[in-house]
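*Asks:* Chain by chain, the residues run as shown.
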Amino acid sequence: MAKSHKPVVWFPFAAGGTVIAFFIPVIVVLTFMAALGHVPAGLSYERMHAFAGSGLGKLVIFGVVALSLWSSAHRLRCTCYDFGLRADTLAATVLYIGAIAGSLLSAMYLLKI
Amino acid sequence: MTQLKERLVQLEVLRYNPDTDTEAHFQRYEVTCYEEGVVLDALNKIKETIDPTLNYRWSCHMAVCGSCGMMINGEPKLSCHTFLRDYEGVIRVEPLAHFPIERDLVTAPDDFMEKLKRVKPYIIPKEKKPISEGEYKQTPAQLMKFRQYSMCINCMLCYAACPQYGLTPSFIGPAALTLAHRYNQDSRDGGRLARQEVVATHEGVWECTFVGACSEVCPAHVDPASALQQMKITSSIDWIVEHLIPGGKS
Amino acid sequence: MSRRPLVRECPPTTWYFRQPRYLRYMSREITSIFVGAYCVLLVVGLQRLSSGPAAWEAFLQGLRSADSIVFHLLALAAAVYHAATWFNATQKAMPVQIGEDFVPGNVISGAHYVAWAVLSVVILYLAGVF
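Chains as they are written, first to last, in numbering that gives the first Met the number 0: chain H, 0 to 112; chain B, 0 to 249; chain F, 0 to 129.
Hints are computed from structural coordinates only; laboratory data are not their basis.
A portion of the hints provided could be inaccurate.
In silico lysine to aspartate or glutamate, DMTMM-like type, Cα no more than 25 Å apart, as pairs [as the list claims (entries may be wrong)]: (1) H:Lys111 - F:Asp66; (2) B:Lys144 - F:Glu56; (3) B:Lys136 - F:Asp100; (4) H:Lys57 - F:Glu56; (5) H:Lys5 - B:Glu11.
Across the chosen pairs, the derived CB separations fall in these ranges [stated by the list, open to error]: (6) H:Leu35 - B:Arg6: 49 to 59 Å; (7) B:Glu29 - F:Arg23: 42 to 52 Å; (8) B:Gly73 - F:Val39: 34 to 44 Å; (9) F:Leu22 - H:Arg85: 14 to 24 Å; (10) B:Arg84 - F:Leu22: 36 to 46 Å; (11) H:Tyr95 - F:Val106: 44 to 54 Å; (12) B:Leu192 - F:Val106: 28 to 38 Å; (13) H:Leu89 - F:Ala53: 33 to 43 Å; (14) F:Pro52 - H:Arg85: 12 to 22 Å; (15) F:Pro52 - H:Ala106: 18 to 28 Å; (16) B:Ser169 - F:Thr12: 18 to 28 Å.
All residues carry an ideal CB built from backbone N, CA and C; glycine is no exception.
Extracted from the complex, chain H is given alone in its bound form (with noise of 0.2 Å):
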């Protein structure tokens, strides 16, 4: 059989999943913060339309945000099948365009700021 074009969605679930791993948990006590009304001073507005406008803060937000939908679409589909749902298919096409429009959409919504 020939070779598997496996690394096209793998390259970057490994990147997304090392993001994740470094970066989601400590975003999630900050968003956790503000749900028990401690917004920390760096979700203010200003400071956040401040970071999202700078160049850098773009490219980071996307990478993070980007690379974290892969990942967890990539893992949900293989979950999909542990699950023993055999259209592989189908929850890898639903799953990944769900991913991509997350990221066209993020990239959108940065490049108004």
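Let chain H serve as the given structure and place chains B and F on it in line with the hints.
*Replies:* Chains B and F only, in chain H's frame:
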């Protein structure tokens, strides 16, 4: 000489006779064994004194030959390496999971044998040297690069543990792929790209989702999971070189 | 003598109940549901941020519900479990050989944990938490 203590062992063993059965069924046995013995000792005592029709594979009785793999209380183990003192009550003994049952505890390893051959498990020399030029030399550091992966005893416990092999039998599987890695890592070998034709397919490393069960059950500490993850990374780099870099070839 | 091997099916929807390690694997995989959902929340947040200060304030206010707190706890647990299993797995994928010896796996994982802690503290500091 101290008297070796004995205990009563109850085994619930899966039986299947291809000549007479359409289904497998459990059979309960009771034997007295030395407390410090292993499940294989109990099976041997059963075969010698109670039921000579019980079929199972074994050989070395010391966890080096890989013959006596079976499911003991649902866990893939070598029966010669499974101590009775670690178990209470009735011990459930079944043939190794994910393989067809030949008879009783004997499985049909045909699929595994075929897959071992498929990965080209032999040195494909980087440079052909006539014997007159002497031996291939290897430093201890070069040996250590692949030594761990050469320790596989082909016991197939990893195949019994791997849920992806259970769900997708076309998966080449932990041991065979690890064997490919063993040769890829060998400094004398130049066959990595040839093996990639098998390793980098859908039924190769890409069926693996890093459950890690294979490495947990391996009695020889081969760590097949690590071999497969390393091959995923090299396969991904290969893909980038082959498809994204102009002039890059695999 | 003819062969008539008996094939045992691997149940596709319940196989993970057979061994505790399979349940641990499925818990690790399920973290992707919560992490993915949290990422969707981040995308929503970006949309609010790009719509001006009032929208952003409303977003922050909207986070203050009981459902949101429960969701955050689940997302945090999922993200932390993902991180821990990911760092423990990295040592397998990247063996570091120095001469004849290998760097112990827990040193590689440990280095990841340290980097994670440092990065998190830095981000918390930059966000004005302390």
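*Asks:* For every hint, state whether the structure bears it out.
*Replies:* Comparing the hints with the structure gives:
1. Pair hint Lys111 (chain H) plus Asp66 (chain F) does not hold up; C-alpha atoms about 30 Å apart against a cutoff of 25 Å.
2. For the hint pairing Lys144 (chain B) with Glu56 (chain F), the CA-to-CA distance comes to about 56 Å; that exceeds 25 Å, so the pair is violated.
3. Between Lys136 (chain B) and Asp100 (chain F), the direct Cα distance comes to roughly 19 Å. Compliance with the 25 Å bound is thereby established for this hinted pair.
4. About 20 Å separates the Cα atoms of Lys57 (chain H) and Glu56 (chain F), which keeps this hinted pair within 25 Å; it holds.
5. For the hint linking Lys5 (chain H) to Glu11 (chain B), the alpha-carbon distance of about 43 Å lies beyond 25 Å, and the restraint is violated.
6. Against the hinted window of 49 to 59 Å, the Cβ-Cβ separation of Leu35 (chain H) and Arg6 (chain B) comes to about 58 Å, which satisfies the hint.
7. Distance hint for Glu29 (chain B) and Arg23 (chain F): a CB-CB separation of about 35 Å, inconsistent with the stated range 42 to 52 Å.
8. Between Gly73 (chain B) and Val39 (chain F), the C-beta spacing of about 38 Å keeps the proposed range 34 to 44 Å intact.
9. At about 21 Å, the beta-carbon gap between Leu22 (chain F) and Arg85 (chain H) stays in the expected band of 14 to 24 Å.
10. Roughly 27 Å separates the CB atoms of Arg84 (chain B) and Leu22 (chain F), a value that falls outside the hinted 36 to 46 Å.
11. Checked against the hint of 44 to 54 Å, the pair Tyr95 (chain H) and Val106 (chain F) fails, with Cβ atoms roughly 36 Å apart.
12. For the pair Leu192 (chain B) and Val106 (chain F), the beta carbons lie near 32 Å from each other, so the given range of 28 to 38 Å is met.
13. Taking 33 to 43 Å as the suggested C-beta distance range, the pair Leu89 (chain H) and Ala53 (chain F) conforms, at roughly 40 Å.
14. The given range of 12 to 22 Å is broken by Pro52 (chain F) and Arg85 (chain H), whose C-beta atoms sit roughly 49 Å from each other.
15. The given range of 18 to 28 Å is respected by Pro52 (chain F) and Ala106 (chain H), whose C-beta atoms sit roughly 22 Å from each other.
16. The supplied range of 18 to 28 Å is met by Ser169 (chain B) and Thr12 (chain F), whose beta-carbon atoms lie about 20 Å from each other.
Violated hints, listed in ascending order, are 1, 2, 5, 7, 10, 11, 14; each of the other numbered hints is respected by the structure.
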